[in-house]
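Q: Spelled out, the chains give:
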Amino acid sequence: MTVVERREVALVDLLDRLLAGGVVITGDITLRIADVDLVRIDLNALISSVNEQVPSPWGESP
Amino acid sequence: MTGLRYVYAVCRPFGAPLQTALKGVAGDPPRLLSHRGLIAVVSHVPEGDFAEAPLHRHLEDLDWLTETARAHQQVIDALTAVTTPLPLRLATVFRDDSGVRVMMEEREADFLRTLDRLEGRVEWGVKVYVEREPAAPSEATAKPASGRDYLRQRRMQSRAHEDSWQRAERFAGRLHATLSTHADGARLHAPQNSALSKAPGQNVLNAAYLVPRAESEEFVELVDRTKGEEPGMRVELTGPWAAYSFVDDPADSSSVGESSSAAAGADIGEGGS
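The listed protein sequences correspond, in order, to chains W and Z. For what it's worth, this note's numbering labels the leading residue of the first sequence as 108, then goes sequentially. For what it's worth, this note's numbering labels the leading residue of the second sequence as 4, then goes sequentially.
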């Protein structure tokens with residue numbers, strides 16, 4: 108178990124849980140959490156644009 | 004320090020202290036806000052960063068998001084060491100303590116039920132990747148002598164590709180079925196895009212399992228034994244996590260389907276703005 112624990116958690120694994128999991132509560136400043144899902148889509152685009160050698164997300168197929 | 008309240012998790016009261024050096028999101032140490040038999044773990048965050056508009060802006064800033072997500076996770080991790088927290092989604096923010104209390108009261112029955120269901124359990128993440136096929140043996144790499152040769156090679160290549168996909172699906176399906184019988188719950192996340200994860204290979208299974216803490220060692224061994232079982236497949240284990248993927252009552256949500264691998268790579272989609 109310890110080996111797993113010590114390795115730094117990958118950001119994608121973290122976001123799978125922090126943006127898709129966890130109890131959804133609308134805070135009283137109306138942070139509509141559903142928006143976070145939209146953010147995630149933008150984020151995917153963002154991350155791939157940050158990635159210099161943006162490979163095709165579809166892998167090998169043309 | 005004034006400011007808004009950032010809530011990480013809700014738990015039952017626990018005896019052990021949190022580690023003293025623990026810093027939350029925005030550097031403020033998390034504190035425990037107790038209300039009617041429940042505890043919210045809260046820290047103060049500046050309004051300039053966490054009010055709705057700035058927060059939305061920040062969430063699209065990868066560095067900010069990374070830092071915030073890691074700080075959030077650190078608090079949840081520290082809690083997981085001393086209790087079974089019910090983690091809230093990233094960036095759940097309230098105006099003040101009384102806002103947090105109102106929320107706790109409104110969701111009290113829900114929280115208690117879920118905390119009971121999760122008690123003593125942790126989440127393990129298991130991913131399966133299909134490693135890139137090694138370059139096909141000599142024949143396929145040789146220059147095709149004719150159009151017919153070329154077509155034959157193409158056919159063989161695509162057949163090999165299909166085979167490896169089918170094998171991967173079978174392997175992932177089998178593994179998921181086995182692990183599910185050793186878990187109190189299972190969830191499928193969308194497969195991760197390799198452009199985002201930078202992990203080699205194609206992710207075909209991205210699952211989470213809810214496992215009693217006491218049985219975690221067995222579960223980890225079970226996963227370890229499958230590593231290297233199937234050539235060309237890589238199995239990765241992460242955890243233990245707080246039960247992020249299991250906060251919804253399985254009776255409420257549609258149950259785990261087998262369809263998610265079809266979504267492989269669909270994450271980025273057309274969002275290239």
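Heads up, a few of these hints could be off.
Claimed, not checked - FRET-style restraints, in silico, Cβ to Cβ:
#1 Z:Pro20 x W:Val131: 48 to 58 Å
#2 Z:Arg151 x W:Val131: 41 to 51 Å
#3 W:Val131 x Z:Trp67: 50 to 60 Å
#4 W:Val131 x Z:Pro147: 52 to 62 Å
#5 W:Val131 x Z:Gln22: 51 to 61 Å
#6 W:Val131 x Z:Asp152: 18 to 28 Å
#7 W:Val131 x Z:Gln169: 47 to 57 Å
#8 W:Val131 x Z:Pro49: 46 to 56 Å
#9 W:Val131 x Z:Leu65: 45 to 55 Å
#10 W:Val131 x Z:Pro234: 33 to 43 Å
#11 W:Val131 x Z:Gln160: 44 to 54 Å
Simulated from the structure, these hints should not be mistaken for lab results. No residue lacks a Cβ here, since even glycine has one placed at the ideal position from N, Cα and C.
Q: State the violated hints by number, sorted upward, taking the hints as numbered earlier in the document.
A: Those not satisfied are hints 1, 2, 3, 5, 6, 7, 8 and 9.
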